[in-house]
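Trainee: One-letter residues, chain by chain:
Number of protein chains: 2
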Amino acid sequence: MNKVQVDYTDAMKLTTEVIGSYGALLVANNRAGRPNVMTIGWATYGIIWGKPMMLVLVRPSRHTYKFIEEADSFTVNLPPPDMADVATYCGTVSGRDADKFKEKNLTPVPGKQVSASYIDECVVHFECRIAHKNHVLPQLLDPEINKGCYPNGDYHVIYYGEILGCYKSEDYEL
Amino acid sequence: MNKVQVDYTDAMKLTTEVIGSYGALLVANNRAGRPNVMTIGWATYGIIWGKPMMLVLVRPSRHTYKFIEEADSFTVNLPPPDMADVATYCGTVSGRDADKFKEKNLTPVPGKQVSASYIDECVVHFECRIAHKNHVLPQLLDPEINKGCYPNGDYHVIYYGEILGCYKSEDYEL
Numbered sequence: 014m015n016k017v018q019v020d021y022t023d024a025m026k027l028t029t030e031v032i033g034s035y036g037a038l039l040v041a042n043n044r045a046g047r048p049n050v051m052t053i054g055w056a057t058y059g060i061i062w063g064k065p066m067m068l069v070l071v072r073p074s075r076h077t078y079k080f081i082e083e084a085d086s087f088t089v090n091l092p093p094p095d096m097a098d099v100a101t102y103c104g105t106v107s108g109r110d111a112d113k114f115k116e117k118n119l120t121p122v123p124g125k126q127v128s129a130s131y132i133d134e135c136v137v138h139f140e141c142r143i144a145h146k147n148h149v150l151p152q153l154l155d156p157e158i159n160k161g162c163y164p165n166g167d168y169h170v171i172y173y174g175e176i177l178g179c180y181k182s183e184d185y186e187l
Numbered sequence: 014m015n016k017v018q019v020d021y022t023d024a025m026k027l028t029t030e031v032i033g034s035y036g037a038l039l040v041a042n043n044r045a046g047r048p049n050v051m052t053i054g055w056a057t058y059g060i061i062w063g064k065p066m067m068l069v070l071v072r073p074s075r076h077t078y079k080f081i082e083e084a085d086s087f088t089v090n091l092p093p094p095d096m097a098d099v100a101t102y103c104g105t106v107s108g109r110d111a112d113k114f115k116e117k118n119l120t121p122v123p124g125k126q127v128s129a130s131y132i133d134e135c136v137v138h139f140e141c142r143i144a145h146k147n148h149v150l151p152q153l154l155d156p157e158i159n160k161g162c163y164p165n166g167d168y169h170v171i172y173y174g175e176i177l178g179c180y181k182s183e184d185y186e187l
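Sequences listed follow chains A and B, in order. No gaps in the numbering here: position 4 of the first sequence is 17 in this note's numbering, and each next residue is one more. No gaps in the numbering here: position 7 of the second sequence is 20 in this note's numbering, and each next residue is one more.
Treat the hints as calculated values from the structure; they're not laboratory data. Just to be clear, a hint being listed does not mean it is correct.
A pair holds if it fits inside one copy or across any two, identical chains being indistinguishable in the list.
List of simulated lysine-lysine pairs, PhoX-like, C-alpha gap at most 20 Å [unchecked claim]:
no. : residue 1 : residue 2
1   : Lys160    : Lys146
2   : Lys125    : Lys64
3   : Lys79     : Lys16
4   : Lys79     : Lys26
5   : Lys160    : Lys64
6   : Lys16     : Lys64
7   : Lys160    : Lys16
8   : Lys64     : Lys26
Bear in mind the structure is a predicted one, so any value in this text is a computation, not a measurement.
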């Protein structure tokens, strides 16, 4: 699929709709270049340090964590509604147990700006260079959120990715 | 000015344009209820913990820091282009030295959902309940950003505000 660059701010509303419903696909490649994909329902985007930035959260217990810890970049990919089941699958099954790309016929393609792969079948993707990471701090977190989201104390690491490019499939109307 | 609620995702593009140019106005009230305003050029927005969330960054050296540290909420206010000079002023002058509301004829109004004040003259504002805070960690930050943004080691605190409401002036077209 031919991909064309778009203004990342034009994709913000759609991104929020997708992560707020069936979820977006986060891809990070390990040191050997092998991509891993997981579904994310949480992310923020905007400007930090004068740069367009996308923040994603990964729990250390996730298979993806090992990959993103070895990576200098990640991509966030928006599946169209008819791929909602793929998002559900990629959020349920771990890359430890299955080759999710193969199982769901997803095509990883090397990023145009980063080494992380993007997913060709997705209609929009962001390519992000990791500029920072920090952590959800239980002692400074709303107690209700802490109780609801972290019963096992598996606090997220937050990755700050500089958005180096945002692309859409040529025939997709943003 | 009468304010009407809007979907926060409809204000994301404008918010990015405003913070990326002359800047938005961050308001936090201290324990006594007194509001302080500063201009911000950095923020992100999206979903975390299943909630709409806006992240803002404040350096501990800022006058606003004392206010937001005493607060349970903040507002982010978008001035229209003809108030760009107000944003410049509020980003240059400290609340230690001047009453910025008075100097620039800004009207602080108690939030509809939070105790923080919003600025009546702004065309859009977000009302956010502080759910978390953490910190920019120099040892995990891109060295170039570290050098460029933190020559004095004055690392930002990042406040995570749950967006409880997003409003626009009734006669303003988003």
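Trainee: Within, between, both or neither: how does the pair Lys160, Lys16 come out at a Cα-Cα threshold of 20 Å?
Mentor: So Lys160 and Lys16 fail the 20 Å test inside a copy (42 Å) and across (35 Å) alike.
Trainee: Quick one: Lys160 to Lys64, C-alpha cut-off 20 Å, is that within a copy, between copies, both, or neither?
Mentor: between (34 Å within a copy, 15 Å between copies)
Trainee: Given identical chains, is Lys125 near Lys64, meaning Cα to Cα at most 20 Å, within a copy, between copies, both, or neither?
Mentor: Result: close within a single copy only, 18 Å intra versus 32 Å inter.
Trainee: Is it within, between, both, or neither for Lys16 and Lys64, if the alpha carbons may be no more than 20 Å apart?
Mentor: neither (23 Å within a copy, 31 Å between copies)
Trainee: At most 20 Å between CA atoms: does that hold for Lys79 and Lys26 within a copy, between copies, both, or neither?
Mentor: This pair counts as neither: shortest intra-copy Cα distance 30 Å, inter-copy 33 Å.
Trainee: Give the relationship of Lys64 and Lys26 under a CA distance limit of 20 Å: within one copy only, between copies only, both, or neither.
Mentor: both (19 Å within a copy, 15 Å between copies)
Trainee: Could you figure out if Lys79 and Lys16 sit no more than 20 Å apart (CA to CA) within one copy, between two copies, both or neither?
Mentor: neither (29 Å within a copy, 47 Å between copies)
Trainee: Within, between, both or neither: how does the pair Lys160, Lys146 come out at a Cα-Cα threshold of 20 Å?
Mentor: between (23 Å within a copy, 17 Å between copies)
Violated hints, in rising order: 3, 4, 6 and 7; the structure is consistent with all others.
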